[in-house]
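Asks: Make the full structure from the sequences, and use the hints.
Each protein sequence line maps, in turn, to chains A and B.
Okay, so the first sequence: first residue is 1 according to our numbering, each after it adds one.
Okay, so the second sequence: first residue is 1 according to our numbering, each after it adds one.
Be aware that one or more of the hints could be misleading.
Stated by the list, open to error - Straight-line alpha carbon distances no greater than 27 Å define the calculated DSS-like cross-link-like pairs of lysine-lysine that follow:
hint, chain 1, residue 1, chain 2, residue 2
1, B, Lys-171, B, Lys-145
2, A, Lys-56, B, Lys-171
3, B, Lys-171, B, Lys-135
4, A, Lys-56, B, Lys-5
5, A, Lys-8, B, Lys-5
6, A, Lys-8, B, Lys-171
As the list claims (entries may be wrong) - Per the computed footprint, the stretches of chain A lying under chain B, defined by three or more beta-carbons under 8 Å from a beta-carbon of chain B, are:
hint, region
7, 38-48
8, 57-65
9, 145-152
No wet-lab data here; the hints were simulated from the structure.
Quick caveat: nothing in here was measured; it's all calculated off a predicted structure.
In this text, a Cβ means the ideal position worked out from N, Cα and C, and glycines have one as well.
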Amino acid sequence: MRIGNGTKLDALCGEYVLGTLRGAARRRFERALREEPRVALQLRYWQSLFSPRYSKMIELQPSPQGWRRLERELGLARYRAPWHRRAAFWRAWAAAATAALAFGIGFQLLRPAPEVKPLLEIAQLTGKVDVSRVTARLSRDGRTLELSAARAVLAGPAQSYELWLLPAEGGAPVSLAVLGSLDARFALPPALLGRLRTGAKLAVSVEPAGGSPTGTPTGPVILVGEITA
Amino acid sequence: MLDDKEVRRLLLRTAARDEGSAEAFERLYRTCAPLLLGVARRIVGRRELAEEVLHDGFCAIWRTAESFDALAAQPVAWMVAIVRNRAIDVRASHDVSRVDSYHDAPDDDPEGALDRLFDWSPDAGDNEDRRRASKWLRDCLGKLKAAERQALVLAYEHGLSHGDLAAHLRKPLGTVKTWVRRGMANLRECVEACMVGPR
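Replies: In structure tokens form, the structure reads like this:
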């Protein structure tokens with residue numbers, strides 16, 4: 001069925017937009033709308049004239065089940081990105097990661113600072129021959145000793161340096177370490193903790209590779225220094 | 001806020017039927033369902049029926065999103081039309097004589113109803129054409145004869161048929177039909193006069 005021209009079509013469009021076109025008349029009009037472009041055009045014109053914007057006052061909150069029912073009945077799950085490609089997922093992930101990071105940093109800040117083991121200078125070792133000045137530093141807990149040479153000093157291939165403790169109360173030198181370099185940091189033997197005290201001396205001798213074969217200095221002593229702190 | 005641009009984007013995304021469609025459709029629902037439920041409620045009267053209309057309306061929006069003409073149609077108006085048509089059908093298939101639901105509405109005050117129901121203030125998202133069209137429509141509705149205006153507002157707001165209008169206004173069917181037909185014709189004439197007239 002063709003819908004009439006001009007006034008008739010106009011009236012139909014007006015009533016359709018208003019909602020008073022009913023029953024068979026409306027069905028005919030809707031069919032014409034799909035089949036006859038000029039009807040669709042005319043309706044579009046009417047819609048542009050008559051499209052008041054509803055006030056927010058008329059809004060009502062739908063029941064919470066409404067959306068779930070739609071989702072189920074339309075099978076919307078198929079049209080969702082897998083969880084790992086969803087923007088919402090990554091937003092949540094980013095938020096969680098940020099929170100975790102902030103928490104971690106906060107946690108780090110709350111924790112006692114890791115022990116930097118501040119070292120205190122205890123002796124300056126010097127020698128008659130022009131080797132180098134070596135500074136000895138002891139960690140606050142007395143377990144770690146560090147030597148640092150003003151100039152790098154390395155033992156020859158067949159030599160080692162051996163560091164000795166000359167106790168303040170006298171007695172035989174006690175071996176602290178066998179070194180290949182006068183720049184070194186090492187843990188003190190447990191038996192010697194607490195013995196690097198003021199008045200005692202540190203000495204370095206040149207020994208065969210691997211250290212003194214006898215347990216006492218056998219080679220020339222090249223550096224000596226008194227513990228002052 | 002029903003931002004036409006955003007609603008249009010969500011409709012097109014819904015129509016795409018890809019991985020992001022369900023998410024877009026859900027946002028569309030969250031954004032527009034309250035308004036559409038309000039529209040349906042004023043036509044069908046009862047809340048439960050209105051929820052049914054909303055459900056059917058969104059099913060239709062999902063199914064027909066691909067036929068939404070992004071260039072031609074105002075997206076919110078497009079959805080309102082779907083829900084209104086569905087509500088009008090539901091209203092017709094239920095107890096049509098039930099007119100009490102809007103009896104308490106002060107419909108002897110069509111001016112008030114017009115401004116209660118619609119928002120005529122220019123919207124930030126509107127373009128200039130849209131803003132002018134809205135102003136012309138409001139002005140022209142104001143210039144209609146009171147009986148015509150009342151018939152149009154009742155029909156639009158509550159989805160009343162000619163028969164409902166006649167019963168409610170206690171006028172002969174023919175009289176009411178004439179009010180509606182003349183009302184719409186006069187409205188159109190008036191808005192067109194605004195279009196060509198001095199701006």
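Asks: Does each hint hold? Answer for all of them.
Replies: Verification of the supplied hints:
1. B:Lys-171 x B:Lys-145: Distance of about 16 Å is within 27 Å: holds.
2. A:Lys-56 x B:Lys-171: It is violated: about 33 Å lies between the C-alpha atoms, which goes past 27 Å.
3. B:Lys-171 x B:Lys-135: Violated, at about 31 Å.
4. A:Lys-56 x B:Lys-5: holds (18 Å)
5. A:Lys-8 x B:Lys-5: Since the Cα atoms of Lys-8 of chain A and Lys-5 of chain B sit roughly 34 Å apart, the hinted pair is violated (cutoff 27 Å).
6. A:Lys-8 x B:Lys-171: holds (24 Å)
7. 38-48: holds (count 4)
8. 57-65: holds (count 7)
9. 145-152: violated (count 0)
The structure does not agree with the numbered hints 2, 3, 5, 9 stated previously, though it agrees with the rest.
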